[in-house]
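There are 2 protein chains.
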Amino acid sequence: MRLVVAECSAHYTGRLSAHLPLARRLIVVKADGSVLLHSDGGSYKPLNWMSPPCAMATTAPDDVARERGVTAVWTVQHAKSDDRLEIELHEVFHDSAHELGVDPGLIKDGVEAHLQEMLAAQITLLGDGHTLVRREYMTAIGPVDILAKDPTGASVAIEIKRRGDIDGVEQLTRYLDLMNRDPLLAPVRGIFAAQEIKPQARVLATDRGIECLILDYDAMKGVDDVDSRLF
Amino acid sequence: MRLVVAECSAHYTGRLSAHLPLARRLIVVKADGSVLLHSDGGSYKPLNWMSPPCAMATTAPDDVARERGVTAVWTVQHAKSDDRLEIELHEVFHDSAHELGVDPGLIKDGVEAHLQEMLAAQITLLGDGHTLVRREYMTAIGPVDILAKDPTGASVAIEIKRRGDIDGVEQLTRYLDLMNRDPLLAPVRGIFAAQEIKPQARVLATDRGIECLILDYDAMKGVDDVDSRLF
DNA sequence: ATTTCTATTTCGAAT
DNA sequence: ATTCGAAGTAGAAAT
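Sequences listed follow chains A and B, in order. Residues in the first sequence are numbered from 1 upward in steps of one, following the working numbering. Residues in the second sequence are numbered from 1 upward in steps of one, following the working numbering.
Read the hints as simulated data drawn from the structure, not as lab findings. None of the values given here were measured: they were computed from a predicted structure. A virtual CB, placed ideally from N, CA and C, is assigned to each residue, including glycine. A few of these clues could be false.
[Claimed, not checked] The following label-pair restraints were derived from C-beta to C-beta distances:
| id | chain 1 | residue 1 | chain 2 | residue 2 | range |
| --- | --- | --- | --- | --- | --- |
| 1 | B | A72 | A | A31 | 54 to 62 angstroms |
| 2 | A | G142 | B | P104 | 44 to 52 angstroms |
| 3 | A | G142 | B | R134 | 35 to 43 angstroms |
| 4 | B | R2 | A | A31 | 17 to 25 angstroms |
Start from the sequences and build out the full structure, keeping to the hints where you can.
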């Protein structure tokens with residue numbers, strides 16, 4: 001990994017064209033050839049970048065560029081597309097190289113799958129008397145997150161999202177349309193369950209007779225932990 | 001901006017929990033307090049990070065940690081949420097600070113808006129005899145990208161995307177449902193136009209009687225440039 | 001300020 | 001290898 005702090009400008013052409021005016025920035029050249037151009041603010045997204053696989057060519061500036069104070073030109077070309085990033089370096093304030101080796105990578109936990117597990121284990125959150133039929137109930141157009149039965153024995157299809165927006169309602173609607181054509185299942189009621197449900201999604205769901213359920217991750221996790229401790 | 005290359009491990013808790021095992025990495029601390037943890041590969045996304053606004057506290061390791069080779073602990077706490085990133089530093093190979101100043105920012109061009117402009121200007125791409133009614137035709141649930149008329153005088157609603165996927169078809173379907181209830185407009189035909197259309201989206205569109213149109217950005221841009229040159 | 005939508009999205013899983 | 005959905009999405013535009 002090479003770290004360069006320099007006054008520079010940049011030009012990207014590919015999916016779109018973009019220009020970065022002259023300013024002092026951090027340039028990171030990774031071991032795989034990818035390049036990041038970072039300013040001293042914003043978030044983790046660079047101002048400009050080139051993803052691997054790509055290769056960098058360093059050339060001397062032409063006379064016109066040298067007049068403008070350019071000391072070197074880096075052309076980073078993507079290997080598979082015609083994406084290209086051209087960086088004009090002016091004054092260089094820092095330049096160092098470091099051997100980092102391969103990274104073992106990130107280990108995460110706590111996402112949609114976990115919500116599904118916990119709701120399946122705490123199915124009475126739907127109301128007393130509800131029972132779990134199964135998770136990932138398979139239909140012709142894909143798996144429904146949870147299939148349950150309500151106290152009267154009627155089927156309930158549940159779609160789970162971390163953030164409930166309109167797409168999730170559309171998805172559940174397609175499942176319900178299909179499942180309600182199956183005489184062995186029909187009538188199937190729908191529940192849209194998420195940690196947060198956007199107003200537009202709630203309106204659409206309600207309009208289609210789909211119930212909305214807010215999932216409290218921490219509360220469910222608490223119950224889950226208590227359950228685990230009982231063993 | 002501070003650049004540190006060090007052997008380190010990290011722990012994030014917030015929207016999820018994640019752990020980063022001990023390895024040599026680049027740590028960037030930006031002027032606004034945000035922190036990025038980069039490995040020597042992958043894409044522009046850091047392995048772990050903290051977005052602004054946030055604050056970093058440096059503490060000495062406890063005895064147990066010092067036994068493990070920890071030389072310092074950085075705790076980065078988000079100012080508005082309870083997101084927290086904890087970095088345990090072991091051996092430090094590089095540590096430097098740089099004044100970068102405010103960045104003028106990126107200037108881009110060539111996106112969906114441009115596709116819409118060009119298609120409006122080259123409306124006969126829909127077929128000879130088509131005429132433009134207007135761009136951003138307003139309906140109760142939002143603006144349709146382009147409203148046109150075909151050679152028979154029938155209305156045509158066009159939804160434009162750079163990448164056409166199932167959501168865009170759903171969106172156009174909602175517009176068509178609504179517009180076809182208006183006796184002054186009905187019948188309204190739909191065209192789904194995009195630089196690329198995913199197979200699933202094409203199937204859904206076709207099933208709903210919506211025509212698919214692939215937009216060739218470069219070809220349209222060429223025509224656009226020629227048009228411009230005529231002035 | 002809040003919501004919605006796009007992205008040079010990136011990333012991972014499933015097909 | 002593709003396709004599809006989720007993201008600690010981030011960032012911009014519209015409300």
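Query raised in the report: Which of the numbered hints above does this structure break?
Result: 1
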